[in-house]
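Please build the complete structure, drawing on both the sequences and the hints.
Chains A and B are the protein sequences, given in the same order.
According to our numbering, the first sequence is numbered sequentially starting from 1.
According to our numbering, the second sequence is numbered sequentially starting from 97.
Note that these hints are calculated values from the structure, not bench results.
By construction, the Cβ of each residue, glycine as well, lies at the ideal position given by its N, Cα and C atoms.
Certain hints may be false.
To be verified - Stretches of chain B that chain A covers, calculated by requiring three or more beta carbons in the stretch to come under 8 Å of a beta carbon on chain A: (1) 108-117; (2) 174-180; (3) 220-234.
As the list claims (entries may be wrong) - Computed, partial: chain B to chain A, Cβ under 10 Å: (4) 238; (5) 241; (6) 242.
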Amino acid sequence: MNAIQPVQVSIPSSGEAGSSPQLKGASFADELGRALGAVERSQLDADLQASRTALGGGNLHETAIALEEADISMRVATKVRNKLVEAYQEVMRMSV
Amino acid sequence: MDFFSALRISATGLSAERVRVNLASSNLANAESTRGPNGLPYRRLDPVLEATPFEGALGAAGGLDTGGGGPAGVRVARIVEDPGAGKRVFNPAHPDASDDGYVTLPNVNPIHEIVNLISAQKAYDANASAVDTLKSMAARALDIAR
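Structure (C-alpha cells):
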C-alpha cells in the first residue's frame with residue numbers, strides 16, 4: 001500500500017474573496033486542509049497497524065478499530081467533497 | 097475527533113479483556129506445573145484493572161460536573177500472584193517431591209479459570225458490540241447528508 005500524499009491547500013491571502021473581514025481566524029480552506037490532514041493521518045495509522053499485525057506484532061482489534069476510524073474519516077471527507085461539487089454544479093447550471 | 101473517543105475507550109476494554117484471557121490460558125496451561133523459573137510451583141495470576149480518565153469523551157457535555165469520576169478507559173495496572181496455598185499430593189517418586197514425599201501442585205482451579213475465561217469472553221463481546229453500535233451511528237449520521 002502506498003501512503004497517500006499530504007494534501008496541500010493554498011490558503012487565499014487576507015483581503016481576497018472568501019475571507020470576510022468580520023470572520024477572523026481559520027478560513028474554510030484552512031479548516032478543510034486540517035480535516036484532510038486528519039483523514040490522511042488516520043489512513044497512515046491504519047496502514048501502520050495493518051502492517052504491524054501482518055508482521056506478527058500488534059493487536060487484531062486495534063488494527064480493526066484503526067481501519068474503522070480511517071474508513072469513517074474517509075467517508076466524511078468524500079461526503080464533504082460531494083457536497084462541494086454538487087454546489088459548484090448547481091451554480092454552473094444557473095442561466096445568466 | 098470527538099466521535100472516535102468511544103472507539104478508543106472500547107479499544108482499551110478489548111485490550112484489557114485480552115489480557116484476562118491470556119492470564120486464564122496461562123493458568124490453565126500451568127495447572128500441573130510443579131516448578132517454574134524460581135524452582136517453586138506455578139502460582140495462578142490475576143490482573144488488576146484500573147480506570148484511566150479519558151479526556152474529551154463528553155463532547156458538548158464537557159463542562160458538566162461528573163462528580164469527580166467522568167468517562168474512563170481501562171488498563172491493566174498490575175498482574176498479581178494468587179497467594180493461596182496449592183494442593184499437596186503424596187507422591188515420593190516425583191522429582192519435585194519434598195523430603196516428606198509430598199508434591200505441591202499449583203494453586204490453580206481449572207473450573208475457576210474456565211469461569212474467568214467465559215466472563216472475559218462475554219466482556220470482550222460487550223466491548224465489540226459497543227464498537228459496532230458506534231459504527232452504525234456514524235453510518236447513520238453520514239446518511240443525513242446524502
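Going through the hints against the structure:
1. 108-117: With 3 residues close enough to chain A, the hint holds.
2. 174-180: Per the Cβ count (0), the hint is violated.
3. 220-234: holds (count 4)
4. 238: holds (6 Å)
5. 241: holds (5 Å)
6. 242: Since chain A brings a Cβ to about 8 Å from residue 242 of chain B, closer than 10 Å, the hint holds.
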